Amino acid sequence: MASLVGSRVERKEDTRFLQGKGRYTADINIANQTYAVFVRSPHARAKIKSVDTSKALKSSGVVAVLTGKEIAEDKIGGLIAGWAIRSEDGSEMKVPANPPLAKDVANFVGEPIAVVFAETLDEAKEGAEKVKVDYKVLKAVVDPADAMKSDAIHDGVDKNLCYDWLLGDRKAVDEAFAKADKIIKVDLINNRLVPNAMEPRACVVDYNTASEEITLYTTSQNPHLSRLVMSAFGGVAPENKLRVVAPDVGGGFGSKINVYNEEIVCSWASKKIERPIKWVAERTESFLTDTHGRDHVTHAELAVTKDGKFLGFKNETIANLGAYARVFGTVTPTYLFGPCATGVYVIPAAYSNVKAVYTNTAPVDAYRGAGRPEATYTIERLVEKAAMELGMDKTEIRMKNFPTQFPFKQTLVHTVDSGDYVAGLEKAKQMADYAGFEARRKQSEANGKLRGIGVSSYFEACGIAPSAAVMSLGCGVGLWESAEVRFNPTGQISVFTGAHSHGQSHDTTFAQIAADELGVPMENIDVVHGDTDKGTFGMGTYGSRSLTVGGIAIVNACKKIVEKGKRVAAKMLEVNLDEIEFKNGEFVAIKSNKKKTIGEVAFACYLPGQRDEMKSPIPEGDEPGLIESSFFDPTNFSFPAGSHICEVEIDPDTGNVKVEKYTAVDDFGRIVNPMIVEGQVHGGIAQGIGQALHENTQYDETGQLMTASYMDYTMPRADNFPEFNLGFTCTHATSNPLGVKGCGEAGAIASPPTVMNAVIDALGGQEISMPATAEKVWKACKTMKKSNAKAA
Amino acid sequence: MTKVTLEVNGKKVSKEVPDHTLLSVFLRDNLNLTGTHVGCDTSQCGACVVHVNGKSIKSCSTLAADIEGSKVTTIEGLAKDGKLHPMQAAFKKTHGLQCGYCTPGMVMSAVDLLQTKKNPSDQEIREWLEGNICRCTGYQNIVAAVKEAATKM
Numbered sequence: 025m026a027s028l029v030g031s032r033v034e035r036k037e038d039t040r041f042l043q044g045k046g047r048y049t050a051d052i053n054i055a056n057q058t059y060a061v062f063v064r065s066p067h068a069r070a071k072i073k074s075v076d077t078s079k080a081l082k083s084s085g086v087v088a089v090l091t092g093k094e095i096a097e098d099k100i101g102g103l104i105a106g107w108a109i110r111s112e113d114g115s116e117m118k119v120p121a122n123p124p125l126a127k128d129v130a131n132f133v134g135e136p137i138a139v140v141f142a143e144t145l146d147e148a149k150e151g152a153e154k155v156k157v158d159y160k161v162l163k164a165v166v167d168p169a170d171a172m173k174s175d176a177i178h179d180g181v182d183k184n185l186c187y188d189w190l191l192g193d194r195k196a197v198d199e200a201f202a203k204a205d206k207i208i209k210v211d212l213i214n215n216r217l218v219p220n221a222m223e224p225r226a227c228v229v230d231y232n233t234a235s236e237e238i239t240l241y242t243t244s245q246n247p248h249l250s251r252l253v254m255s256a257f258g259g260v261a262p263e264n265k266l267r268v269v270a271p272d273v274g275g276g277f278g279s280k281i282n283v284y285n286e287e288i289v290c291s292w293a294s295k296k297i298e299r300p301i302k303w304v305a306e307r308t309e310s311f312l313t314d315t316h317g318r319d320h321v322t323h324a325e326l327a328v329t330k331d332g333k334f335l336g337f338k339n340e341t342i343a344n345l346g347a348y349a350r351v352f353g354t355v356t357p358t359y360l361f362g363p364c365a366t367g368v369y370v371i372p373a374a375y376s377n378v379k380a381v382y383t384n385t386a387p388v389d390a391y392r393g394a395g396r397p398e399a400t401y402t403i404e405r406l407v408e409k410a411a412m413e414l415g416m417d418k419t420e421i422r423m424k425n426f427p428t429q430f431p432f433k434q435t436l437v438h439t440v441d442s443g444d445y446v447a448g449l450e451k452a453k454q455m456a457d458y459a460g461f462e463a464r465r466k467q468s469e470a471n472g473k474l475r476g477i478g479v480s481s482y483f484e485a486c487g488i489a490p491s492a493a494v495m496s497l498g499c500g501v502g503l504w505e506s507a508e509v510r511f512n513p514t515g516q517i518s519v520f521t522g523a524h525s526h527g528q529s530h531d532t533t534f535a536q537i538a539a540d541e542l543g544v545p546m547e548n549i550d551v552v553h554g555d556t557d558k559g560t561f562g563m564g565t566y567g568s569r570s571l572t573v574g575g576i577a578i579v580n581a582c583k584k585i586v587e588k589g590k591r592v593a594a595k596m597l598e599v600n601l602d603e604i605e606f607k608n609g610e611f612v613a614i615k616s617n618k619k620k621t622i623g624e625v626a627f628a629c630y631l632p633g634q635r636d637e638m639k640s641p642i643p644e645g646d647e648p649g650l651i652e653s654s655f656f657d658p659t660n661f662s663f664p665a666g667s668h669i670c671e672v673e674i675d676p677d678t679g680n681v682k683v684e685k686y687t688a689v690d691d692f693g694r695i696v697n698p699m700i701v702e703g704q705v706h707g708g709i710a711q712g713i714g715q716a717l718h719e720n721t722q723y724d725e726t727g728q729l730m731t732a733s734y735m736d737y738t739m740p741r742a743d744n745f746p747e748f749n750l751g752f753t754c755t756h757a758t759s760n761p762l763g764v765k766g767c768g769e770a771g772a773i774a775s776p777p778t779v780m781n782a783v784i785d786a787l788g789g790q791e792i793s794m795p796a797t798a799e800k801v802w803k804a805c806k807t808m809k810k811s812n813a814k815a816a
Numbered sequence: 009m010t011k012v013t014l015e016v017n018g019k020k021v022s023k024e025v026p027d028h029t030l031l032s033v034f035l036r037d038n039l040n041l042t043g044t045h046v047g048c049d050t051s052q053c054g055a056c057v058v059h060v061n062g063k064s065i066k067s068c069s070t071l072a073a074d075i076e077g078s079k080v081t082t083i084e085g086l087a088k089d090g091k092l093h094p095m096q097a098a099f100k101k102t103h104g105l106q107c108g109y110c111t112p113g114m115v116m117s118a119v120d121l122l123q124t125k126k127n128p129s130d131q132e133i134r135e136w137l138e139g140n141i142c143r144c145t146g147y148q149n150i151v152a153a154v155k156e157a158a159t160k161m
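First to last, the sequence lines map onto chains A and B.
Converting from the first sequence to the working numbering requires adding 24 to each position, the first position being numbered 1.
Converting from the second sequence to the working numbering requires adding 8 to each position, the first position being numbered 1.
Read the hints as simulated data drawn from the structure, not as lab findings.
Note that the structure is predicted; figures quoted are calculated from it, not measured.
Heads up, some of the hints might be wrong.
Using 25 Å as the maximum straight-line C-alpha spacing, the simulated DSS-like pairs for lysine-lysine come out as follows [to be verified]:
#, chain 1, residue 1, chain 2, residue 2
1, B, LYS125, A, LYS36
2, A, LYS160, A, LYS79
3, A, LYS45, B, LYS101
4, A, LYS618, A, LYS639
5, A, LYS45, B, LYS160
6, B, LYS126, B, LYS101
7, B, LYS88, A, LYS45
8, B, LYS20, A, LYS36
9, A, LYS433, A, LYS203
10, B, LYS63, A, LYS45
11, B, LYS91, A, LYS36
12, B, LYS23, A, LYS149
13, A, LYS36, B, LYS23
14, B, LYS101, A, LYS36
15, B, LYS155, A, LYS685
16, B, LYS100, A, LYS45
17, B, LYS20, A, LYS45
18, A, LYS682, A, LYS803
Could you put the whole structure together from the sequences, leaning on the hints where they help?
So, in structure tokens, the structure goes:
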């Protein structure tokens, strides 16, 4: 039987999605449901003097109105920060309380203050209009660079500083810098982004008055984790009385990791009002209240010798946490950022210093890549600038500083198990026709256009686990993953996973893996996820961890199935255990070549008695049935890496930047389904180009979000992109038995610096910040023209 | 309240709804045809695209009452006799979808493109789909799907 792992298998989930049979949260309706509409703060920072619900309560169709007062009285807990980060001086990070409904003070536009439940959505909206909140508006803190000099937003958080974190050795860096021939410096802003999954957040809650169980249908990347947080910290219900279902989820990109206010409030309220509740965000609510991404202000320096060897690196960053610290909010700008900021290079000395500040803006958390795009942008802008200032070729300077021995002990934290960075960059150069660029540049010039080429090489630490490592770095939970494989008596198999697919194609790839392990057709396998009542516990999907952690749990559970199957088959075939071989779905007695299929063995496992020909096939010490589970906790992160090359052409008359060519060569270890991996890379690159050229989240000085709909926030469209040219190299990961590495975030990590390096190259080295909009580029072209004229 | 009568996916339907009921709401809430999605409320994202009298429109910015008597085709009405429409099959073949949320609108829009122009170029496909936002795929495999479907339709 040919291996399914490695094949371009069409997706199982597509049949339902393509016919409108997907079942997303907003598609769910429950008899007798009420509709929730939230009253949100219109101010970025305000004292809540009073909330008057009397008129709303009298409004037609309104069932109930609840506020921060009631939720506090019921002692429902707030939202949490999942990682404890310590400052350089050893002090604990400062985390303010984040109640599900603000009672005394509102800290960002959109923060929920009260909620109205009514018989229809229109009535709920009308009721919400009638809730009167008396605010005392306070001066908002908006700009992260100024936050430490501004009024403290939260009591007990001096200078709005959550932590002042250091990773690395300042003294060693100073010594390295003293030896340098040249210091390369950059000042960067990593623009704030809104993840913008196409499905807006939603929840539907059903409280069963008989069993006292709450069922929460929600748009989550990690339903088990949501239940844990809501139960342990929210006190909404004990875990055994809370079922969280994340059905089909329309994209996440990090924004659906967190448990949100609305989920806690609706779950709590459903029990209180004894009615089902439905809440669906409008797009503007998503813009205002989904966690945002990036938002760093960075000064970084690279110490180099005149022949291009890197000696030292330092990075001083202010990271904007927004109004509150959420699940991955505090770790994203620290351990997900700092260690990767030295890039794919041997740099003897380095440090990263990050000051995380609170501002009166939406909370900032993980967004595709989480910390690693910011890290890669920092180092790859420096490296490109170093090449420019030293007059070196931009690929040569990279090659010169790549490690060639693996495992590679990276400067700050990680030991990278495998990789071949030279091969990746060589392949990218070839595929991009790097050597032919100058001719293309001349051609563009002849057409009155400016052409630039940009390179970036990246590695990233993903497959977020292993528990031992992440817990030592401050994570509040272990980041293993679980799986259960149920081989049913009649031959169908259910694979339960704690990971969650919201576009990642687990129905298909996980079935491919299990089919190979068990030697059965993929069609016999159903992958089940997204329901805390089905299968074992799980940590969910983010940080490119589904395959490298969750997939391996499936492999291990399948291996246990085969081991038990061997014992049963030996008994059935009346041979010793060591005479049984499992191959292509059959247990074979080596000497006699007698066989039992895995289906026959499974059937026998459920018939542990004696009748006619059937003779008690369960060996002594084994139990009936054929169900196995596994919790997998890897020994290391996974370290995908690669090199991307981009060519842009700029029209100096309009400032329009056209991405002409984009080449990506990535090493994801062994690839389970190349078609799906390519799709992940395409999507990541598109989001990264979006960051580099189009997307920006703009608050005004009072903290109003100016980009709160698709009319103001530029979402990349089909005609913004060329056809991406993808290639792969392969070094197997050694930290898991499949040799796989995460692929979900790489595109978004590598592409922003690749594109910006190309834009800056086209602009003759003139620095420009993301997004490189037509307006900014046009101005830069004018400056360039002036300085060229002067030089002439 | 207004009585709205339409032919949806070949079946005549008639419902009494508030005057301001959007076609997207009518399809989703009154007919339980939840394959038509709403992604933005401002008619940019195109997740809500359906066909009205054979042409693609955004159902989130169309009043149900405004198209009284029209023939509507939604994503649920595209496959015939249990067989995927060539555009649906092409999306599957080329991996033109990931999370599936924008997909119904994307497919309906793409079908209209091929009705309008038989063999569009890559650039024409990309420009036509300007009103459909996908956050997952980077559009490359969607373009491939439309080209694939063009050979079959």
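Going through the hints against the structure:
{"no.": "1", "hint": "B:LYS125 - A:LYS36", "result": "violated (31 Å)"}
{"no.": "2", "hint": "A:LYS160 - A:LYS79", "result": "holds (21 Å)"}
{"no.": "3", "hint": "A:LYS45 - B:LYS101", "result": "holds (18 Å)"}
{"no.": "4", "hint": "A:LYS618 - A:LYS639", "result": "holds (17 Å)"}
{"no.": "5", "hint": "A:LYS45 - B:LYS160", "result": "holds (24 Å)"}
{"no.": "6", "hint": "B:LYS126 - B:LYS101", "result": "holds (20 Å)"}
{"no.": "7", "hint": "B:LYS88 - A:LYS45", "result": "holds (15 Å)"}
{"no.": "8", "hint": "B:LYS20 - A:LYS36", "result": "violated (33 Å)"}
{"no.": "9", "hint": "A:LYS433 - A:LYS203", "result": "holds (23 Å)"}
{"no.": "10", "hint": "B:LYS63 - A:LYS45", "result": "holds (22 Å)"}
{"no.": "11", "hint": "B:LYS91 - A:LYS36", "result": "holds (15 Å)"}
{"no.": "12", "hint": "B:LYS23 - A:LYS149", "result": "holds (23 Å)"}
{"no.": "13", "hint": "A:LYS36 - B:LYS23", "result": "violated (36 Å)"}
{"no.": "14", "hint": "B:LYS101 - A:LYS36", "result": "holds (11 Å)"}
{"no.": "15", "hint": "B:LYS155 - A:LYS685", "result": "holds (20 Å)"}
{"no.": "16", "hint": "B:LYS100 - A:LYS45", "result": "holds (14 Å)"}
{"no.": "17", "hint": "B:LYS20 - A:LYS45", "result": "holds (21 Å)"}
{"no.": "18", "hint": "A:LYS682 - A:LYS803", "result": "holds (16 Å)"}
Checked against the numbered hints above, the structure violates hints 1, 8, 13; every other hint is satisfied.
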